[in-house]
Structure formats: C-alpha cells, structure tokens
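From first to last, the protein sequence lines are chains B and H. The first sequence begins at 54 in our numbering and counts up one residue at a time. The second sequence begins at 142 in our numbering and counts up one residue at a time.
FYI, nobody ran anything at the bench for these hints, they're computed from the structure. Note that the structure is predicted; figures quoted are calculated from it, not measured. Treat each hint with caution, since some may be false.
[As the list claims (entries may be wrong)] Simulated restraints, written as ranges between beta carbons of each label pair:
hint : chain 1 : residue 1 : chain 2 : residue 2 : range
1    : H       : Asn232    : B       : Leu385    : 43 to 51 Å
2    : H       : Pro184    : B       : Leu385    : 57 to 65 Å
3    : H       : Pro261    : B       : Lys198    : 58 to 66 Å
4    : B       : Trp404    : H       : Ser306    : 34 to 42 Å
5    : B       : Arg61     : H       : Asp278    : 16 to 24 Å
6    : B       : Gly355    : H       : Ser306    : 18 to 26 Å
7    : H       : Lys338    : B       : Gly389    : 53 to 61 Å
8    : B       : Leu385    : H       : Lys338    : 20 to 28 Å
9    : H       : Asp379    : B       : Ile319    : 28 to 36 Å
10   : B       : Trp370    : H       : Pro261    : 54 to 62 Å
11   : H       : Gln299    : B       : Gly355    : 22 to 30 Å
12   : B       : Ala297    : H       : Pro184    : 56 to 64 Å
13   : B       : Gly389    : H       : Lys226    : 32 to 40 Å
14   : H       : Ala241    : B       : Val364    : 49 to 57 Å
Built from N, CA and C at the ideal position, the CB exists for glycine as well.
Here are the chains, one letter per residue:
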Amino acid sequence: MMGELILRNLLHRPMRTLIGAMGIAVEVALVVLIVGLTSGLLSETAKRIEGIGADIMLQPPGSSYMLAFSSAPMPVKIGDKLAELKYVQSVAPVLFQFNTSGVEIVYGIDQESFRAVSGGFVFIQGHDLEDPDDILVDDIAAKTKKVQPGETYRIFDHDWHVAGIVEHGKGSRLFVPLATLQELVGARDKASIFFVKCTRPEHTEDVMQDMRHVLPGYTVRPLKDYLSLMTSTNIPGLEAFINAMIMLAITIGLLVIFLTMYTTVIERTRDIGVLKSLGANHWFVVRALLSESAALCLLGVGAGVGLSYAVRAGFLWKFPTLSILITSGWVLRAAGIALLGALLGASYPAWMASRKDAVEALSYD
Amino acid sequence: MEIAATIREPAEGLIFQGKKSVEPILKTENLWKLYRAGKVEVPALCGVNFEVLPGESVAVMGPSGCGKSSLLYVIGGLAQASRGKVLVDGNDLASLSDGARTKLRRHKIGFVFQRFNLLPTLTAKGNIAIAQFIHGDGFDPHRFDVVTQMLGLAGRLQHKPSELSGGEQQRVAIARAIINEPKILLADEPTGNLDSKNSEIVLQMLRQLNKDLGQTIVMITHNPEATTYFDRVVHMRDGIIVDGVPAD
C-alpha cells in the first residue's frame with residue numbers, strides 16, 4: 054500500500070517528479086563524470102607510461118607522479134652514469150613539455166635510446182623521426198587532430214613535419230626529437246625523466262638500490278607499480294578537488310529534493326490531515342515522505358547513470374583522446390551519496406509534515 | 142441482513158435518555174476548548190456535557206461557530222481539550238499521550254468530512270485500503286468486499302476521486318471510515334456538499350449502518366431534515382449544548 058501511495062504521488066505531478074529526478078540525475082552524473090574523468094585520465098596516463106616497457110623511472114628530487122607536474126629537468130649526462138650500473142640494459146632520457154593548447158604532454162626523445170628501452174614504435178603510416186622538425190603522432194591523436202604524414206602540425210609556435218603515425222601506448226601521443234625540444238624550451242642537455250630498462254625484470258630492485266646510491270635524493274620508481282600509484286590520493290590537490298565537486302553535487306541534489314518535497318508537503322497539507330484523521334502517526338507521515346523522496350532519488354540515479362554514459366559518449370565522440378572511466382563502484386557510491394542527500398533534503402519537509410496540526414491541515418485550502 | 146451479520150452483531154435493546162442499560166461509549170464532562178487568536182483566547186466549547194451510548198446515532202445541530210466541529214475534533218482526538226474530560230470507550234483522552242491518542246483514533250474512530258477529503262492520487266479502492274493499511278491489520282479482502290458492496294461502490298473502485306460524483310466520493314469516504322469497524326463514526330456535515338438526492342442516499346446509508354450494524358454515529362449537520370435519520374438530536378449554541386432530545 055505504501056508503495057502504491059508513493060507511486061501514485063509521484064505520477065500525480067509528473068513534471069515535478071521529472072524535475073526532481075533530473076536534479077538527482079545531474080548530481081549523480083556530476084559525481085560519476087568528475088571521478089570518471091580524473092581516474093580515466095590517471096589510469097590512461099599510467100597505462101601509457103607502463104606501455105613504454107621500461108622497468109624503472111628516474112625523476113628529479115621531489116617529483117610528482119603526474120609527469121606534467123615534474124620539476125626542473127636533470128642533466129642528460131646522468132644517463133651515462135645510469136648506463137654504467139650493473140643489470141642496466143638501456144637508458145632513455147625524455148624531456149617533457151606540456152602543450153597547453155592541446156592539454157597534452159609532448160615527449161622529446163632520443164630515437165635510439167627510446168627504441169632500446171621501449172622496443173620501438175609500431176608504425177601505422179610514415180616513418181621514424183629523421184629530421185629535427187619531425188614529429189610522430191599516435192593514432193588516436195592523429196584521428197582527433199585529423200593529421201596525416203607529410204602535413205604540418207604547429208605546436209610551441211613551431212611548425213612540425215608529421216613524419217609518421219604510430220600505435221598509441223608508448224607514453225605520449227606526440228614525440229619530437231629531444232635536441233629540437235631542448236632548444237625550443239631552453240633546456241639544452243636536459244631531460245625530465247630517465248626510463249631505465251634492466252637486463253631482466255627481476256633485477257629491478259637491485260638496480261633501483263644502486264640508482265639511489267649513485268643519485269641520492271632523486272626519485273626512483275618501478276614502473277610496474279606506477280598504475281597502482283596513479284590514484285587521486287597520490288596527486289596533490291586532486292582528492293580535495295574531487296571532494297569539493299562531490300559536495301557541490303550533493304548540495305545540488307539536496308536543494309532540489311528539499312524544494313520538491315517542501316512544495317509537496319505544502320500541496321498535500323490536507324492529505325496529511327486526512328492521514329492523521331485515519332490514525333497515521335508521525336512516523337507514518339515521515340516514512341511516507343522519505344520513501345517518496347528515496348523513490349524519486351532512485352529514478353534520478355537511473356537517469357543519472359544513463360546521463361553519465363550519454364555525456365561520456367558525447368565527450369569521446371568530440372574528444373577521442375579523453376578517457377572517462379565509469380566504474381560500478383563509483384556508480385554505487387554516487388547512488389549512495391544521492392540517496393543520502395535526498396533523505397537529508399526531505400527530512401525537514403517530512404518533519405514539518407509530521408508536526409502539522411491535524412485540524413488545521415484538514416481545513417487547509 | 143446477511144451483510145450486516147458478517148460485520149458485526151446489531152446492537153439491540155438499547156434504551157436512551159435516562160434509561161441507560163449500558164455505559165456510554167462517548168462521554169464528555171465539562172469540556173472546554175479554547176483557541177488562541179493573538180493574545181486573546183476564544184472559547185469554542187464552554188463546558189460541554191455530552192454522552193453517546195453504543196449503537197446510538199446522534200445529530201448535533203447549531204448555528205455556524207457554535208462549536209460543533211470543535212466538539213467533533215476533540216471527541217475524535219484530533220484536537221486536545223483545554224479543560225474537562227473526554228472518555229472514548231472508557232479511555233480518557235486528556236490522560237493519553239499524542240501517540241496513544243493517535244492509536245485510539247486509529248482503532249476506535251472513523252471520520253467522514255463535508256469535503257470528502259479523499260486522497261486525490263489514489264483510486265477509490267486505494268482510499269479505502271489505505272485506512273486498513275494504517276490500521277495495521279493489512280488488507281482484508283472479505284471485509285473490503287462487504288463494505289464496498291453495501292455502499293454500492295463495487296463498480297467504481299478503480300476510479301480516482303476526480304472521476305467520481307460527489308455522492309460516490311462521500312460513499313467512498315464512509316467506506317474508508319468504517320472499513321476498520323470503528324466503535325464511533327464521526328461525521329462533519331457529510332451532506333453539506335451534496336445535492337438533495339445524494340444527501341438522502343448518504344443519510345440512508347448512515348442510518349443503515351446504525352440500524353443494521355449497530356454503528357455508533359455522531360453527525361454534525363445544518364440540515365434539519367437530516368435529523369430525522371437519527372435517534373437523537375443535540376442542539377448547540379455558543380459552545381454549550383442547549384438540549385438533547387430524541388428525534389421524531
């Protein structure tokens with residue numbers, strides 16, 4: 054009976070129900086997409102870094118997991134020291150440069166050493182870097198930017214010649230010669246990171262110990278753990294940003310539900326009086342309204358999940374390089390957050406309804 | 142009557158007006174109800190002494206503002222008395238907590254209002270069933286069928302209040318009020334919003350409930366003709382009962 058009462062009430066004012074549900078849907082989609090976007094970017098970046106095939110990465114002291122946040126580059130000569138270490142097969146210096154116009158990191162690479170560490174690119178079209186102004190573009194970026202080998206591609210106020218299209222998954226989407234990038238950004242003989250390949254993966258720990266001994270204070274990380282380390286909690290400020298977005302989403306949902314249920318209670322004042330005349334107690338009235346709010350919330354959650362997938366599809370269509378990771382865990386968490394917000398938002402109107410004077414309620418017009 | 146026997150044994154042999162053989166099911170002693178209007182207390186009931194016996198039907202008449210509805214709300218436990226006693230089936234409402242008064246209302250009182258007060262979102266069936274749901278015994282299909290057939294609602298149960306005539310809505314309201322077999326049915330001008338034909342139908346049904354099922358009824362009315370359907374008529378004026386005589 055309670056179920057029927059709730060269903061009929063929701064259907065009685067379809068527009069209000071729709072608006073209430075959409076408020077919740079926006080809340081859910083906001084949470085799912087914000088988290089999905091950040092975790093998708095982190096995960097995708099981590100996978101690409103792992104895809105390089107190195108065993109160890111060396112960064113300057115105090116460096117972030119987010120490579121774009123890395124601090125001042127190191128002398129390339131450090132690579133020679135690393136190459137001399139026992140069990141080290143090859144070392145690849147890479148200079149990062151963040152391209153703000155495309156929101157991407159460009160890798161300045163030394164072809165030979167990078168090939169030695171990564172096993173080389175898989176070419177879909179074109180050829181390797183041959184000239185100082187050559188650029189390699191991965192297949193996803195090429196599709197997004199609609200570039201072909203032989204065309205000119207402009208970044209950092211420099212015209213690059215697209216030499217080849219390579220398969221994605223080797224760290225970056227754009228690769229240019231190390232020397233050219235060093236000149237362009239004024240970092241001659243510098244590198245942001247060194248990727249180290251060991252003779253055998255089981256020697257990684259030994260090599261890392263040697264690296265820490267030779268270069269004390271430098272950040273030495275095994276790449277096999279990189280994926281697990283790339284979480285929002287390890288990125289400075291990201292956790293706070295996500296929490297702030299979640300709070301904003303909760304506030305939206307809470308206010309929408311509050312307004313919806315508040316107007317519902319005002320409209321149903323007489324009905325509440327009727328329920329009381331039938332012997333309904335405070336708890337019955339509270340339960341009826343909270344259940345209605347929860348049902349509205351469930352509708353909103355369903356719509357929110359659908360909206361999240363629709364927005365993701367839209368984003369991926371428009372920006373194929375983006376990665377938005379929608380996980381069941383976060384969908385459930387977003388649903389829980391929405392439900393909590395809905396119950397909080399409905400609690401005052403429900404309390405207000407339960408305290409209504411039955412006689413006054415019955416004479417309400 | 143078969144239907145009546147199914148619900149409750151008819152109350153028989155009750156003698157009113159000073160020849161009581163049983164305890165009153167409803168009794169007020171020096172009942173006062175004051176409403177506050179700003180800093181002024183406005184009396185609605187000024188020491189009402191009133192008794193209703195089990196199975197009795199009583200019509201309460203009086204001019205607007207004389208306290209009829211206040212009396213109904215106080216004896217129904219919807220409003221609290223300012224002073225005095227209200228005994229419903231032996232329970233003193235003044236001594237009961239809000240929760241206990243609600244429970245008593247749920248089990249012993251049925252209300253019928255002038256404006257029907259059906260829940261607009263539910264069907265006729267839903268409006269009756271919700272009373273059973275609140276009562277706590279769940280949906281009783283047998284009792285439901287008996288009541289709805291008796292009130293001639295069998296073919297109108299899937300309709301919403303907006304799809305029913307005034308008379309039908311009031312019959313649904315009566316069905317909702319009696320579905321849980323309350324000891325007392327309180328009706329606040331139940332024919333006030335009905336035309337004469339539907340008024341008569343509703344009054345006949347109330348009389349049938351009283352005569353066949355022994356349902357105790359207290360009804361407020363402005364309509365002098367309505368009083369002919371009741372055992373006794375009580376007149377109120379300025380918050381007090383001025384007389385109470387058996388109806389012709």
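| said: Hint by hint, where does the structure go against what was stated? Just the numbers, ascending. | reply: 6, 8, 10 and 13
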